[in-house]
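Participant: The lines below spell out each chain.
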Amino acid sequence: MTSSMIVASDLSKSFRTNSGQINQAVDCISFSVSAGEVYGLLGPNGAGKTTTLRMIMGLLSPDSGFATVDGARTDNQSGQKNQSEMVLSKLGMISTNDGVYPWLSVREMLSYFADLYGVPQSLAKTRMAELAELLDIQNVLNQRCSTLSTGQKQRVTFARGLMHDPPVMLLDEPTRGLDVVGSRTVFKFIDLLRQRGKAILLSTHRLDEAERVCDRFGLLHQGTLRYEGTFTELCQLTGRQHLVEMFIDLIDQGGAA
Amino acid sequence: MMELIRSGRLWRMCVKELRETLRDRRTIFTLVMMPLLVYPVLSLALQRLILNSVSNDRTERILVGVPSEMDFKVLGQAVSESKRRVESDSYRSFRYSVNESPATNPKLPLTSKTSSASEWDATVIEDSLQEALESGQIDMAISVSRRINSDSNAVSGSNFLFSVTYRENDSRSEFALSELRKLIQTINEHEASELRIAKGMSRGAPFEVIASAIAGTNSIASGLSSVIPLVLVLMTITGAVYPAIDLTAGERERGTMEALIATPVPRFALLFSKYIAVLTVAILTAIANLTAMFVTLRFSGLAEVLLGDQGFSLVSVIAVFPLLVVFASFFSAILLALCSVAKSFKEAQAYLIPVIILAMGPGILSLLPSVQLTGTMAALPLINMILMARECLSGTLELIPGIIAICTTLCYAVIAMAIAAQLFGRHAVPQNSEVSWRSWLRSPTQLNRLPTLEHLTIYLAFFFPVYFVAIHVLAGLSGIELQQRVWVNAFATVLLFGLLPLLFSLWRKLSIKRTFPLGGFTKWWISIPGLLLISFSMWTVAHEILVLSEFFGIVSLDFDKLANLEKIKTEFMTIPPLTIWIAMAIMIAMAEEWFFRGFVLQGMLSRSKDSRGVWVSILISSILFGLFHTVAPNLLAIERFLPTTALGVLIGWIAWRTGSLVPGMMVHAIHNGLLFTMPRYEDLLHQWGLGIENQKHLPVSWVIGGFLCVAIGLLIVQTTSKTPR
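In order, the protein sequence lines correspond to chains W and F.
For the first sequence, position 193 matches number 193 in the numbering used here, and the numbering has no gaps at all.
For the second sequence, position 659 matches number 1659 in the numbering used here, and the numbering has no gaps at all.
By construction, these hints were calculated from the structure, which means they are not laboratory data.
Certain hints may be false.
[Claimed, not checked] Here are the computed distance ranges between Cβ atoms for each label pair:
no. : chain 1 : residue 1 : chain 2 : residue 2 : range
1   : F       : D1610     : W       : T230      : 53 to 63 Å
2   : F       : R1449     : W       : S3        : 48 to 58 Å
3   : F       : S1608     : W       : P120      : 53 to 63 Å
[Unchecked claim] Straight line, CA to CA, 25 Å or less: simulated SDA-like cross-link-like pairs of lysine to any residue:
no. : chain 1 : residue 1 : chain 2 : residue 2
4   : F       : K1343     : W       : L104
5   : F       : K1343     : W       : I22
6   : F       : K1343     : W       : R73
7   : W       : K125      : F       : R1023
8   : W       : K125      : F       : L1619
9   : F       : K1722     : F       : E1481
10  : F       : K1343     : W       : N97
11  : W       : K90       : F       : P1264
12  : W       : K90       : F       : R1023
13  : W       : K90       : W       : L135
14  : F       : K1346     : W       : W103
15  : F       : K1722     : F       : L1619
16  : W       : K90       : F       : E1003
17  : F       : K1343     : W       : R176
18  : F       : K1343     : W       : L135
19  : W       : K125      : F       : R1019
20  : F       : K1722     : F       : L1605
21  : F       : K1509     : W       : S64
22  : F       : K1343     : W       : G46
23  : F       : K1343     : F       : F1551
24  : F       : K1343     : W       : D75
25  : W       : K125      : F       : V1616
26  : W       : K125      : F       : K1509
Using N, Cα and C, we set each Cβ at its ideal position, and we do this for glycine too.
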């Protein structure tokens, strides 16, 4: 296996709720993702998937533990200003919550983000053309984002996350709100990204699709990583044949615990 | 950040933000529609208001004060004469019809020439005529003097000069004056035509009016003239509100914020591009409002009523515009800081509404004509800009308060931006409930060893207004004894320059030992002879630079100062020398060194890599030292700048060489003490051929001696101290 592009090492994070209680969102999570690998971070709502992704991004600082992207710490403990910028430029983040700028055209929005990542304008143009073709958004490039359909918006978001061609992709529920055809397009695209040698961390609850596309899995529940491994390893560990069954077991256990 | 500017990315980021905002219909609405609607409606309302007040005035009597019976008689004759002539003239009488209501001609209520319905009521007030006019008991004061006609062709006859005093910008008083002028004109015209008809001769006008104005205090129109700046300022705020919310809280609500802060661009750059967009929209709104207001006031004829004879000139519009830009830069920052905390549009609106209502408070206060742009008022945010705009429009703006108002407002803008930079993007990640307003106030966890440039900027932005207000408060203590004032001043200086930077450093977890280095006595004690030499001869340098800068025309704008100088000097003689040395020399020197050579200089020194960097740091801290000394109550003591800056460089160098603040404190204290005790020994100094009070150069031998001593002192310090790393 090649060197790990993403490493999470004993990541923990707790939040104080409004009522003053402490909610342990993520508890000592460790895993790693290599180049050309899709790692599925699976778990029910509130399991701590998004928090984990945000800590890897460096958007949230972990209470303990750390994450590295291509060998560099993302929590900027070293105090070097440029380091966090270097890490961020290697990351592409796509989330369900991501929106678009309603008053900008797709082209304007994509070139804006390319500019933010410091992509030269000529390169940004060729990359935009390529991504537009791959994601089938050529026709809407000159449209205002407010006129796009949900599926189109999602694909534009994908394009936005890839304008700087990052080696590491973090995908947070990329198919939420999409229909079957839309999800299929997304997972096909993830497959393509893997072929291009990107390290992909995917959080999703579409277990059937995840089963097909992910190389390895981490099953997350109530902030802890319950099971980790390839699909066959998981089957051996849990004695189940499908992710869905493993999942239901997990939730039942969690409820009992 | 520099890289972003150089590559033009920052510019493109600003363009994107602006494009996004300007394409939004809601922005365009506040930008275009509001001014188009507000001003016509406002002008109608104002017109109604003024009309009422003026027509009320008209039904009343014109109250005139005269100094003697003689004046009373002449005035009475003139009034009855004018009435008689008007009544006898059938052709003109309809124009002067008593019954004609002014409301039938609502457009020009004050310039109407059709009324002589006023009743004249004159009172003889022998000695307090001026006070009666000022207090509003009378509308104008008239004194009549008789003149001898020198024209040989003229027919003999009485010839009177009416010297009128009235209140400027006071509608009642100005109305009274115009009525008197009309009355006199009527008589003069009739007289002239009668003479022509009867004898074919001419004579000079029998009556003449000379008017002189005193400042009016009680006037509806001048009060209303403050409405204009208030409306302009509030409208500028309105323009900035929507983009500020949309580009921060709106971005979060749309879900683009997280992607934005995940880019490898410093958050401040993102915020800055948004700030530029908000500021641009605010400025566009200001332009739209100014234009709409200008057009409305011009064509409704309200301008003359509100702003006096000169009306609403294009020049005054152009003068007000930069003020609105300064104001917009301040309020845009405030709005961004507030909106950066909000998670949604609704939340942002909830934060902004109270702020805008709060902003109305000082705005309405500034409507009072008695509130003037002086002293503390010039440092109060918002109110200073409204007052300045008002004085700008009425042409009474003074330079110094204007500069203060602009400087303090820009300071507030910097503070607001600093806060916004701390808050912006932190909330991009939801459920992270640990971040709030409190997080900004919380001390940093990382230890920042020495003040950074950001620390300095933020601190100065906060400190300058505080310092300015403090100076004015201290100047207001004129009631108490001089000696007590000296002590109050000393403690205030210690508080301002000593305690405040210390508290700030503790809060920001700066290293107190390194920011304010006081130790190292073992290292610098051998430099003491050199330091003493400098201390006792430095005044010659300071004095020569002062004389030179006055020679080059760098003089403060206060002309009373020279007259006061002698008085102050004799007053100072009454203060015991011990008080002078402790309160005016030691305490002040310690506090100022603590701040300028400690807080300001140390951080910069630690970051300077070579000797050039060291000199730049010393120079910057000295310029700051000089600038602070030019701020005095209601004036800029510009002549103090160069000598103080030069002393700053000297002491800054000493602080750098010795690595301690104490030697500088010593030199500074001895220097101050010498300056303040010198006048006591004036006779002795005169014997030595010195006359410092004359603002002249010292004798050449003294100059050479003084400069030589300083140079030798510096050399001693140089050789006895190690070169800092």
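Participant: Work down the list of hints and note, for each, if the structure agrees.
Facilitator: We went through each hint and held it up to the structure:
Roughly 59 Å separates the CB atoms of D1610 of chain F and T230 of chain W, a value that falls within the hinted 53 to 63 Å. A hinted range of 48 to 58 Å for the beta carbons of R1449 of chain F and S3 of chain W is inconsistent with their spacing of about 37 Å. A hinted range of 53 to 63 Å for the beta carbons of S1608 of chain F and P120 of chain W is inconsistent with their spacing of about 35 Å. Only pairs whose Cα atoms come within 25 Å are accepted, and K1343 of chain F paired with L104 of chain W is accepted, the gap being roughly 22 Å.
With a C-alpha separation of about 22 Å, the suggested pairing of K1343 of chain F with I22 of chain W holds against the 25 Å cut-off. For the proposed pair K1343 of chain F and R73 of chain W, the alpha carbon gap of about 29 Å is over 25 Å, so the pair is violated. A hinted pair counts as satisfied when its Cα atoms are at most 25 Å apart, and K125 of chain W with R1023 of chain F qualifies at roughly 24 Å. With a CA separation close to 48 Å, the supplied pair K125 of chain W and L1619 of chain F exceeds the 25 Å bound.
Between K1722 of chain F and E1481 of chain F, the direct Cα distance comes to roughly 47 Å. Violation of the 25 Å bound is thereby established for this hinted pair. Restraint check for K1343 of chain F and N97 of chain W: satisfied, since their Cα atoms lie roughly 14 Å apart, inside the 25 Å limit. A distance of roughly 9 Å separates the Cα atoms of K90 of chain W and P1264 of chain F; the hinted pair therefore holds under the 25 Å criterion. At roughly 32 Å between alpha-carbon atoms, K90 of chain W and R1023 of chain F are farther apart than 25 Å, so this suggested pair is violated.
Restraint check for K90 of chain W and L135 of chain W: the C-alpha separation of about 21 Å stays at or below 25 Å, so the hint holds. Between K1346 of chain F and W103 of chain W, the direct Cα distance comes to roughly 20 Å. Compliance with the 25 Å bound is thereby established for this hinted pair. For the given pair, K1722 of chain F sits about 21 Å from L1619 of chain F by alpha-carbon distance, which is consistent with the 25 Å threshold. Restraint check for K90 of chain W and E1003 of chain F: satisfied, since their Cα atoms lie roughly 19 Å apart, inside the 25 Å limit.
With a CA separation close to 22 Å, the supplied pair K1343 of chain F and R176 of chain W stays within the 25 Å bound. The hinted pair formed by K1343 of chain F and L135 of chain W fails the criterion: a straight-line CA distance of about 32 Å is larger than 25 Å. Simply put, K125 of chain W and R1019 of chain F have alpha-carbon atoms about 20 Å apart, close enough for the 25 Å limit, and the pair holds. Note on K1722 of chain F and L1605 of chain F: the hinted pairing holds, with a Cα-Cα distance of about 16 Å set against a maximum of 25 Å.
For the hint linking K1509 of chain F to S64 of chain W, the alpha-carbon distance of about 23 Å falls within 25 Å, and the restraint holds. Of the supplied pair hints, the one linking K1343 of chain F and G46 of chain W holds, its CA atoms being roughly 20 Å apart against a limit of 25 Å. Distance check on the hinted pair: K1343 of chain F and F1551 of chain F sit about 60 Å apart at the alpha-carbon level, beyond 25 Å; violated. Proximity of K1343 of chain F to D75 of chain W is assessed by CA-CA distance (about 24 Å); at most 25 Å being required, the pair is judged to hold.
The suggested pairing of K125 of chain W with V1616 of chain F is violated, with an alpha-carbon distance near 45 Å, which exceeds 25 Å. Among the hinted pairs, K125 of chain W with K1509 of chain F is inconsistent with the structure: their alpha-carbon atoms are about 47 Å apart, more than 25 Å.
Against the hints set out earlier in the document, violations occur for numbers 2, 3, 6, 8, 9, 12, 18, 23, 25, 26.
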